[in-house]
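Protein chains: 2
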Amino acid sequence: MSLLIVGSVALDTVITPFGKNNEALGGSATYFALAASYFNQPRIVAVVGEDFPEEHVQVLRTRQVDLKGLEIGDGKTFRWSGKYGYDLNERDTLATHLNVFEHFHPKLPELYRTSQFVFLGNIHPNLQLEVLDQISKPLFIACDTMNMWIENEREALGELIKRVDAIVLNDSEARELAREPNLARAARKIHDMGCRKVIIKKGEHGCLFFTPHSHFSAPAYPLESINDPTGAGDSFAGGFMGYLSRVGKVDDLAIRRAIIYGSVLASFSVELFGVDRLLSLSEEEISSRYQDFQEITRFDV
Amino acid sequence: MSLLIVGSVALDTVITPFGKNNEALGGSATYFALAASYFNQPRIVAVVGEDFPEEHVQVLRTRQVDLKGLEIGDGKTFRWSGKYGYDLNERDTLATHLNVFEHFHPKLPELYRTSQFVFLGNIHPNLQLEVLDQISKPLFIACDTMNMWIENEREALGELIKRVDAIVLNDSEARELAREPNLARAARKIHDMGCRKVIIKKGEHGCLFFTPHSHFSAPAYPLESINDPTGAGDSFAGGFMGYLSRVGKVDDLAIRRAIIYGSVLASFSVELFGVDRLLSLSEEEISSRYQDFQEITRFDV
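These protein sequences, in sequence, are chains A and B. Just so it is clear: in the first sequence, position 284 is 283 by numbering that gives the first Met the number 0, and no numbers are missing. Just so it is clear: in the second sequence, position 199 is 198 by numbering that gives the first Met the number 0, and no numbers are missing.
Be aware that a few hints might be false.
Copies of one chain are not kept apart here, so a pair can be met inside one copy or by any two copies together.
Stated by the list, open to error - Result set (DSS-like, lysine-lysine): computed pairs, CA atoms no more than 30 Å apart in a straight line: (1) Lys-188 - Lys-106; (2) Lys-188 - Lys-82; (3) Lys-136 - Lys-19; (4) Lys-136 - Lys-161; (5) Lys-136 - Lys-67; (6) Lys-188 - Lys-67; (7) Lys-201 - Lys-82; (8) Lys-201 - Lys-188; (9) Lys-248 - Lys-201; (10) Lys-188 - Lys-19; (11) Lys-106 - Lys-248.
Calculated directly from the structure, the hints in this document are not laboratory data.
Sequences and hints are given; from them, build the entire structure.
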C-alpha cells in the first residue's frame with residue numbers, strides 16, 4: 000500500500016570522534032525514505048533550495064523514492080550542523096539554517112492525497128495538521144515530534160495527537176510530553192491524550208511500544224562500533240512504516256514486527272556516515288539482522 | 000541441586016519519596032536467599048552481630064533458608080542507610096557501619112563445601128576467593144562485585160574473574176571494569192579476562208547477557224510504581240541462581256530463562272519496602288509474571 004512521508008530534506012555537516020561529513024544529503028524525510036525504500040516506494044513531500052545538488056536527487060531516484068512532492072523553493076536548502084562526543088547519545092547543534100524550510104507549507108500532489116500510510120516527520124505541529132487536512136481516508140497515520148514543539152506548541156500538538164494512530168518519540172520527549180518520569184505511566188497519559196499507539200525510542204536501550212492493553216519491548220542491536228548516529232530515529236521510522244505499508248496491516252503483531260524492522264534499519268544506518276549504509280543494503284542483510292533480533296530475544300523455544 | 004550464597008546480612012534504614020524503613024532486614028545474601036527460596040532451599044554464609052533480631056532469623060527460616068552458615072559474631076550487625084530521590088536509579092549512602100562484617104572471613108560448614116551452585120555476593124574479592132578455596136567441584140559459580148573493588152582491588156578481582164563461570168554486574172560497573180563505554184565491547188573484554196558469561200543489569204532498561212558466541216537481551220518489567228529499589232540486583236541474582244539450581248542446567252537457554260526469572264523476582268522486590276514483597280509471593284504470581292515477559296517480547300508467533 001502507498002506510503003507518504005512529510006519532513007525535511009537537508010544538507011548536514013556532522014562531526015563525530017570518528018570522522019566528518021560536509022554538506023551531505025540529510026534530513027528526516029531523506030533518512031525515512033531511504034530506509035523505507037527497502038519495503039516500498041515512499042512518496043516524499045519536502046522542500047529544497049535551488050542549490051540542492053542534482054547528485055542527491057539522483058541518489059533518491061536510484062532508491063525508487065517518489066519525488067513528485069519534492070518542491071524546489073526560492074532560496075537555499077535547509078542546512079544543519081552538529082557535533083557528537085564520545086558519548087554518541089549526546090549531540091550539540093552547531094548551526095541550523097532553515098532557509099527555504101522556514102516558510103514551508105506542505106502541498107500534497109493530487110495522487111498523494113489518497114496515501115494509505117502517512118508519516119508526519121518532525122516539523123511544526125501546525126504543518127503536520129495541514130498535511131492531515133489534505134489527506135482522505137488514510138489507513139494509518141504516525142507522527143514524530145520534538146522537545147521544541149512539546150515546550151512551545153503544546154496546544155497544536157495536543158490537537159495533532161488526537162488525529163494520529165501512533166506517535167513515535169524518544170524517551171525524554173515522552174517524559175516531557177506526559178510530564179511524567181515513569182515511561183509506563185507516561186505512555187498511559189499519552190493514550191489519554193487520544194493516541195492509542197505509543198512508540199518510545201530509547202537509543203542504545205531499544206524501544207518500547209504501549210497500547211492501552213499491551214506492552215512490547217524491543218532490544219537494541221548490540222553494535223560494537225557506531226560512526227554517526229544522525230538519522231537513526233528517522234531510519235527507524237522509515238523501516239517501521241515501510242514494513243507496515245508493505246504488509247498492509249496495523250494489528251499488534253504487525254506493529255511489533257515493524258518495530259523490529261525499524262530497529263534493523265536504524266542499526267544499519269549508524270554504522271557509516273550519513274546515509275551511506277542505507278544506500279548499500281541488501282535484502283539478505285536486512286533479513287539476516289531481523290533473524291539476529293529473533294535470536295537476541297529468544298528464551299522459550 | 001544445592002545452592003550457596005555468600006554475602007551480607009544487614010539492618011537497612013532506607014528513605015525513598017514513598018516511605019521509610021528503619022533497621023529492617025536487608026543485605027545481599029538476604030535478598031538473594033529470599034528470592035531463591037521460591038526455587039530451592041538456599042544455604043547462606045554470612046555474619047550477623049549479637050544484636051540481630053530473632054524475628055529476622057524466623058523470617059528466613061519461614062522461607063526454608065538454610066542458616067547453618069550464618070555466623071553470630073562478637074559485636075553489632077552490619078548496618079546500612081541510604082536515601083533515594085524521585086529518580087530511583089540514584090541513591091545516596093547516608094551511613095555504612097560494617098561492625099562484625101569488618102573482620103568477616105567466610106567459613107563454610109562441611110556440608111556446604113560440595114554445593115553445586117555458588118553465588119559470591121558483593122564482598123571483597125579476596126573473601127570471594129577464600130570461598131572458592133573451600134569449595135570442591137561446583138557445577139556453576141557466579142559472582143557480583145562493585146565499583147569500590149573495581150577501583151581498588153583490580154588484581155584480586157582479575158584473579159576471581161578467571162575462576163568464575165559468570166559475572167553479574169550493572170552497566171556502569173561493566174564499563175569501569177573493562178574501561179570501555181560500549182557494552183558489547185566491554186563484555187568482550189571481560190570474556191578476555193577469563194569469564195565467558197557476562198550478565199549486565201541495566202535497571203529500568205533490562206538486562207544483557209553476552210557469551211563469546213551469543214547475545215541475549217531481556218526487557219525490564221514495565222512497573223508503574225516502584226517503592227524501594229533496595230535489593231533489586233540481589234533479588235535478580237537470587238531468582239537467576241535459584242532457577243538454574245532447580246533445573247540443574249547451565250546451557251545458554253537455561254541461562255536466558257534464569258535471567259527472566261531473575262527479572263521477575265527483581266520486579267516484585269521493588270514493589271514494596273525492604274523484603275516485604277519477597278515474603279508474600281506465590282508460585283502463581285511468579286509464573287504469571289514470567290508469562291508477561293514472554294508476551295512483552297513476542298514478535299514472531
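Quiz item: What are the numbers of the hints the structure violates, in ascending order?
Solution: Hint check: 1, 3, 6 fail, others pass.
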